[in-house]
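As a plain string of letters, each chain reads:
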Amino acid sequence: MLLIPINDTEPNRYTSFPVMTFALITANVLMLGLEDILSETDIRVLVDLFYTYGSVPGLILQGRGGGALTSITSTFLHAGLFHLAGNMLMLWAFGRRVEDACGPWRFLLFYLLCGVLADMTSTLIHASSFGPSVGASGAVFGVMGAYLLLFPGGRIRTLLLLFLFPFVPRLRAFWIILYFFLSQILSVYQVLAFDVDYNVNYWAHLGGFFGSLFVFFFLHPEALHRYRLNLPV
Amino acid sequence: MNNPLLREAIQLARAGRRQEARDLFIELVTLDEENEVAWLWLVDLVDDPEDQIIALENALTINPDNEGARARLQALQDPQAETPSPGAPAPPPAKASNDLDEALMTPGRDLAAVARRYEAAGELEKAVIVYEQMIAMAEKRTTKSQARQRKAALERQLELTQPVPMHTTFTLLRLSLGPFFLYLLLLVIQAAYRPWRIPLPFYVGSIAVLAGSLLLVGSYITPHHPAWQRLLGKEGLRSGGMRLLLSSLGLVLLALPYLSFLASALQRLSTTPGAPLPGGG
Chain A
10 MLLIPINDTE
20 PNRYTSFPVM
30 TFALITANVL
40 MLGLEDILSE
50 TDIRVLVDLF
60 YTYGSVPGLI
70 LQGRGGGALT
80 SITSTFLHAG
90 LFHLAGNMLM
100 LWAFGRRVED
110 ACGPWRFLLF
120 YLLCGVLADM
130 TSTLIHASSF
140 GPSVGASGAV
150 FGVMGAYLLL
160 FPGGRIRTLL
170 LLFLFPFVPR
180 LRAFWIILYF
190 FLSQILSVYQ
200 VLAFDVDYNV
210 NYWAHLGGFF
220 GSLFVFFFLH
230 PEALHRYRLN
240 LPV
Chain B
2 MNNPLLREAI
12 QLARAGRRQE
22 ARDLFIELVT
32 LDEENEVAWL
42 WLVDLVDDPE
52 DQIIALENAL
62 TINPDNEGAR
72 ARLQALQDPQ
82 AETPSPGAPA
92 PPPAKASNDL
102 DEALMTPGRD
112 LAAVARRYEA
122 AGELEKAVIV
132 YEQMIAMAEK
142 RTTKSQARQR
152 KAALERQLEL
162 TQPVPMHTTF
172 TLLRLSLGPF
182 FLYLLLLVIQ
192 AAYRPWRIPL
202 PFYVGSIAVL
212 AGSLLLVGSY
222 ITPHHPAWQR
232 LLGKEGLRSG
242 GMRLLLSSLG
252 LVLLALPYLS
262 FLASALQRLS
272 TTPGAPLPGG
282 G
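So the protein lines, in turn, are chains A and B.
Residue numbers for the first sequence follow my numbering, so the first one is 10 and each next one is one higher.
Residue numbers for the second sequence follow my numbering, so the first one is 2 and each next one is one higher.
I should point out that these hints are in silico values taken from the structure, not numbers from a laboratory.
Keep in mind that the hints are not guaranteed to be accurate.
Stated by the list, open to error - Partner residues aside, some chain A positions facing chain B, computed with beta carbon under 10 Å:
1. Thr61
2. Val65
3. Leu121
4. Thr132
5. Phe223
6. Leu233
Heads up, the beta-carbon is just placed ideally off N, CA and C, and yes, glycines get one too.
With the rest of the complex left out, here is chain B:
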């Protein structure tokens, strides 16, 4: 997943920021209609069933073999399955938790097979419960150990799906400070470790490096930061063209001070005295 926009959108969705995530996924499919992952995420982020159908149809156009999407589309398109006719018996209650209780309470049941079935069905929480039961009941050390390992692996997977919010401001600042810090170090060395001798234009350059980094990171990696909405209005930084323009501007602001430092250092190279002769000290 090398698309930073897609990563950002998924992070927003996992953090529960549905509207921002939805807007970003819409942006993604506007830029690239063939983005199956974005269409599939949109299914859960739009409320109107018609929009869900459109998103599923688009995903299936890209990948007709997606059976899960096809089943979901059929469920949405077939109103009979959703609304039973009057007088019909009430549908049976969901069997999911009953299956789990039955699996855990039936003596002699192969719990490992039950857990594997839940894993294959994507019901990881139930699989974890079954493995916990296996750990409690298993007599053999190897069975306990395998169940513990499998439980730990599933719990790590579950952690991935739970939101661990990391504010975009933190990402923005973190990634912007690296180039700025490097530039400051270069300035200090160039001034022979006497920062008070750094000419004023280079201090201005350091501010340009920081501003350029913020602009580049902000437009390329965190385009849905709330600051963009404050600056550019409700639409924020939606347009791909605007993002490209701002990130290019950021790159120029970032690069120019480095280039001027390079020019200054190359000019000073001529002041290097000749290497001392061997044995001359």
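Only chain A is shown next, with the shape it has when bound in the complex:
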């Protein structure tokens, strides 16, 4: 079963245009464009780009390379179109309403914080690895977790592929996020128990997801006031 969130369908409108979500998606798309251009000139250049600006646990723990800067730059690099599309669709579906509750600049700080926490989790788990880790999924999992906290009843238009038959139901965000969370837990279990290598940084996803708890440091006062009153944020 393939499950892809497409759009948030909460009935109440946004109070302002989600500029930061839009800007983050644009920045990520532009970066992938740059990666494509570099890979066409010389693949070695692309590999060096990933090694320099991706998160390499071994280098970070040796105090070499960009260090903390790569925790941020790695969230803007992706290993291909499907990697980017999956992350950006999730950011589009969940990020706009979280940005609405925080404001654009606080949302950016929260997004980066989740990315940094995801990277820290990954670095500590894969401490001896010298392979670069790239992608926005840690930060995006943080945004998903924040959406679950703030809009527990929210419904998301989802593309569901069951035995190659497509459906587009409106599912509760709770079930979608639970599906993704459990799939990460299951994958981590398989990696630990059976030494399977999926080439996906599941620990980073989990680290970013738990970073969502910090969203309360970024909510603007009215949003927190409504959250405390159990009103729609």
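Position chain B relative to chain A; hints supplied.
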């Protein structure tokens, strides 16, 4: 409502802090004479009827179609309605609660219509009472269910109008800690997860980030925090120019440590070894 000052003022008014709310609304209309919402809130926060008239007149200048404001202004300007002449019969007692009792006790009365009328008149508490009666008396499950839903919705609206004080200090600290925490995490990673190796200037930078956040949030979002009155005197942080100056200073204090961290990290980028060749390990 994207104006944080307006949000703060309304929160203060709802929390019963009339003087602070009044001062803030006065600040708002000083900054923007066209702020109808602020003028309307001021009507209930000033005591002098002359001031109330001025506030209503200003609101009507901005929005002449505001019938509620117009009715209120006429009531204030027409002293005959307020003070009956001597010897005139006493005005009849307020009918409001009598209407409610009559609606609830008259058999066959359409309670749903009564409740809707109270809702339209803004008398939400009475509408809730009517819905409670409907829930108790209705025989059909759908009627009970609809009345319950409507009652719950009105109770949520009523909760919004009741003050749930959230101290401005809590808001100030909450919003200031986010950037500070992010900066600390970046420092720890940059020091290869050995915090004792972080150079002293970066510790000073973290204090600057916290101070900058507090200044920025304090001047932009919580300008009426009591601390401003202690620091700047009774007037507090009233002036728009002063607020702009302090929030800019806060932003600079917040941004400089991040920029110096960025410079340090970019400098260290050159120490990145070349990527290992495929298959080379």
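Proposed interface contact between threonine 61/A and chain B, which counts if any beta carbon pair is under 10 Å
Holds, about 5 Å.
Is the hint on valine 65/A kept, meaning its closest Cβ partner in chain B is under 10 Å away?
holds, 8 Å
Status of the leucine 121/A interface restraint (C-beta, 10 Å, chain B):
Hint holds; leucine 121/A Cβ to chain B Cβ min 6 Å, cut 10 Å.
Against chain B, with CB atoms and a cut of 10 Å, does the hint on phenylalanine 223/A hold up?
Because about 7 Å separates phenylalanine 223/A from the closest Cβ in chain B, which is inside the 10 Å limit, the hint holds.
Please verify that hint: threonine 132/A, Cβ, nearest Cβ of chain B, below 10 Å or not.
holds, 8 Å
Is the interface hint for leucine 233/A satisfied, with its Cβ closer than 10 Å to some Cβ of chain B?
With a closest approach of 7 Å, the leucine 233/A hint holds.
No hint from the list above goes unmet by this structure.
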